[in-house]
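A.B. asks: Single-letter residue listing:
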Amino acid sequence: MTPGEAVPAHVAVTGLSKRFGASTVLDRIDLAVARGALVTLLGPSGCGKTTLLRLIAGLATPDAGHVSIAGADVTRTPPHKRNVGVVFQNYALFPHLNVGGNVGFGLSGKGLGRATIAARIGRALDLVQMGKFRDRPVTALSGGQQQRVALARALAVEPSVLLFDEALSALDRHLRETMQVELRRLLKDLGATAVFVTHDQDEALTMSDKIAVMNAGHIEQFADPLSVYARPKTLFTMRFVGISSELRGKVSARSDGQVRVETRVGAVTAQGEQKVGASVVVATRPEHVRIGGVEDAGDNCAEGQIRQITFHGSRTRLSVDVAGVEFVVEIGGVNALPAAGQAVVLRWPAACSFAYADPSAAA
Amino acid sequence: MSAAAPHGANLVAWLRSRRAGLTLAAPALFVLIFLYAAPLAHLLAGSFRGPAGFTLEAYTKVLGDAYGRSLVWNSLRLGLITTGLTLIVGYPAAFGLAMSRGVLRSLFLASLFLPLAASVIAKAFAWTILLRSHGLVNDALIFLHLTAKPIRMIFTQTSLIVGAANIFLPFMILPIYAVVAQIDPRLTEAAATLGCSPARAFLRVVLPLSAPGVVAGVALVFSLSVSAYVVPNLLMGENYPTLATTIAKAFLLIRDPALGAAAGAILMVIGLAVVVVSNRLGEQGGQGR
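Chains W and Y supply the protein sequences, listed in that same order. Mapped onto numbering that gives the first Met the number 0, the consecutive letters of the first sequence carry residue numbers 0 to 362. Mapped onto numbering that gives the first Met the number 0, the consecutive letters of the second sequence carry residue numbers 0 to 288.
Keep in mind the hints are simulated off the structure, nothing from the lab. Just so you know, these numbers come straight off a predicted model, no measurement behind them. We put the CB at the ideal spot given by N, CA and C, even for glycine. Check before you lean on any hint, since a few could be wrong.
From the structure, some residues in chain Y lie toward chain W, with a derived Cβ separation under 7 Å [claimed, not checked]:
#, residue
1, Y58
2, K60
3, L186
4, E188
5, A191
6, T192
7, L193
8, G194
9, S196
10, P207
Chain W regions said to be covered by chain Y (calculated; three or more residues, Cβ under 8 Å) [to be verified]:
#, segment
11, 71-79
12, 102-111
Bound conformation, chain Y alone:
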């Protein structure tokens, strides 16, 4: 809009020229401005508000001491490990999905979409049932004589990562699958006739062409898992405080809205950084085309 920025009398003409577009966008604009942007601005303003007016106290509370920084680090750690794990599991799975046909493909897709219909709370609880001392996993291990006593799994970081990876996996597989399914199989054939072994053809053709899907999947899973509230709360509880759990605690328990707002603002900055970086990567991928 920079070059066509409206000035004074031009504004009317500018609005008129875009009337169709503005009319179509109006409901969405209304929702975004009044139900999203306005409360967000209110929240951000609240993060700078103290008893004596403007203050950065809430931010120093979060970023200034070791505990506060551990919140940020815990959130980032959860996001990074979950993203890495879902990428390792999801990338080949996306290819399996793209190569499958008929009933098998329907089954694969159903196994991805059906869990999305279940509440994340239900899924997180399911994991606590599976992983508790006398849960399904421990009972099976004892039955198989792999362990004599139940292994402590629930409320460990392992359970947190396994649960988070399970819950966010579809958000990694689906964008990669959407891109991989579009790759022309003749490109690999062309690479083969040009002397590339299957492994080299994958590295030089399929991998770079699947990159946009990977970027989208990584951005989705990271932004979902870095801000996850239910998963760390149910699978780790107090042992793994994150920015998201702190927001809830600040508003609901300790009644410190400025702290909650600051934690929210930091989380939003992380989210925006992911959007900016993935956009940049997406553009780079597009330039080679």
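For reference, chain W alone in the conformation it holds in the complex:
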């Protein structure tokens, strides 16, 4: 491969559309997943993320567009010939088989010897630390254990790509967070290519190399977690991936990728390229807003009154009323907490403020 030539995607989706009756669930989706990459499809329920996953797995057929895996067009290939591993929501383990039977399910009928199959079942179970449970009935396992068995079952067939449909969402929070870290490490060690579907932004940020934020059948942004969180390309992404405090206004000046926006609390500066006169929403993340303190060059500033204080352990979240708009501020530590009702000055850097076309003004 010559330098500059694009690395061919391991899983490539081009112009993929899917309709159910009158509603378009996916609208000409393009997505390329590099070999060895962990990609998350993140979005609210009904955004089409699960449908996209099912189309990649072959469990549904698209109305238009193509799916290719490892360079081969598989759009018309039935699921049992695609060599994809799927970990389903609620796991879909076979209740009539024990743990070993589930994990070995995809291995029989392939001309492998009994010893080979037994060894591969053992290896897959060891990978997920479930070796001791081989002879247990799957219905006797806890949710976390069933999740591991489902993963081992998918891994055992050595699939070309692994697909996870809300695979962790049924676990309780602590276990889910442990599994996120563990699963990412395991998949990275194996060099697996994986696509996750989730509505949980924390899970997406923790586990992915890249996140595709989906909304109403299209991809809003496809980028690494840091970019998606810190430099959201659309207001939808800004709102869905984390908390967003927003001021509405009109652009009064524009220069060097920044806009000056007149809002009800005065002029603020934000990253954006809208025309002068355009209606915009200026949004910022809670951790960029400071209470009081010294003004730095390029800071935006507004005065408000603290409405509510909620304690979140390592952080404290303040809800500040700024001229009728709710601003969410997060501060670390528990010392010198302000009190509810207190008047405060808020400062946040223009570099961490983003201007988006105002969706309510567009109509």
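Position chain Y against the provided structure of chain W, taking the given hints into account.
C.D. replies: What follows is chain Y alone, placed relative to chain W:
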């Protein structure tokens, strides 16, 4: 109850500890003991009673000669063939029912339940009307020039099996449907992603998971058809004597209550065997879970 078997003074405590359960079960226990168990015991005792006290004469009458054994065999044959036929027809039908939606499903269910509301006698007579020499079926065949003369259908074993299968089919479809409707469709999808063609996925996932419904349906249809009285009586009459028709004849015509009781006892043993075997199969199905 083996470990907790009550002894003497413990009995009072045992009854007290189960008072709520016993109170709730009391009406059913009353009905079962006085209206079912007691007459049954009386009947069983009667099967061993002869003019000179205890005797096995009635049993030797049934099991001892060729005619008597043909009664048992006729009953078993009717049960086995009806069960096999309803299974072949009913198994796919149960899937059709489980996969149908909306109006279609309501129609399917109505077509299963409405015939249950009609008396089995009415249905058996309906078949005699359909199948007789100038019945609907023969007239249709003649009209279509498929046959010149009416085919003899009524009072043949074919009519018996067709009628019995028709009448007992709902009892095969409903238990299978109840189980099949509960099978998670994602299990077949999971099998597909693990490399199973649709046919293999059916054999390895759907078939074993539907087994409890099949066991229940087979047990129901077999025990109903092996002891059927109206169906063989109306569709075959004297040509196909079974244990059930013999019971009626023994009590009503030839006044040999011991013979009737013995035939009844044999039928009950067959029924109990079905219950025991299907329970065993059901447990085996449960162990794999």
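A.B. asks: Would you check whether T192(Y) satisfies its interface hint, that is, whether its CB is within less than 7 Å of any CB in chain W?
C.D. replies: 4 Å, holds
A.B. asks: Using Cβ atoms only, decide whether A191(Y) comes closer than 7 Å to chain W, and label the hint accordingly.
C.D. replies: Check passed: Cβ of A191(Y) comes within 4 Å of chain W, closer than 7 Å.
A.B. asks: Against chain W, is E188(Y) within 7 Å by beta-carbon distance?
C.D. replies: Hint on E188(Y): holds, closest Cβ of chain W at ~5 Å, below 7 Å.
A.B. asks: Taking a Cβ-Cβ distance under 8 Å as contact, does the segment 102-111 of chain W have three or more residues in contact with chain Y?
C.D. replies: holds (count 4)
A.B. asks: At a threshold of 7 Å, is the proposed contact between Y58(Y) and chain W supported by beta-carbon distances?
C.D. replies: 43 Å, violated
A.B. asks: Under 7 Å is the threshold here; is the Cβ of S196(Y) close enough to any Cβ of chain W for the hint to stand?
C.D. replies: 5 Å, holds
A.B. asks: So, K60(Y) near chain W? Judge it on the closest CB pair being under 7 Å.
C.D. replies: Since chain W brings no Cβ nearer than about 47 Å to K60(Y), farther than 7 Å, the hint is violated.
A.B. asks: Report holds or violated for the interface hint on L186(Y), using the least CB-CB distance to chain W and a cut-off of 7 Å.
C.D. replies: Holds, because the Cβ-Cβ distance from L186(Y) to chain W comes to roughly 6 Å (cut-off 7 Å).
A.B. asks: Per the CB criterion, is G194(Y) less than 7 Å away from chain W?
C.D. replies: 5 Å, holds
A.B. asks: Answer holds if the nearest beta-carbon of chain W is closer than 7 Å to that of P207(Y); otherwise answer violated.
C.D. replies: At 5 Å from the nearest chain W Cβ, P207(Y) passes the 7 Å test, so the hint holds.
A.B. asks: Return the status of the interface hint for L193(Y): holds when the least beta-carbon distance to chain W is below 7 Å, violated otherwise.
C.D. replies: 3 Å, holds
A.B. asks: Closer than 8 Å, Cβ to Cβ, for at least three residues: run that test on the segment 71-79 of chain W against chain Y and report holds or violated.
C.D. replies: Since 3 is at least three, the answer is holds.
Of the numbered hints listed earlier, those contradicted by the structure are 1, 2.
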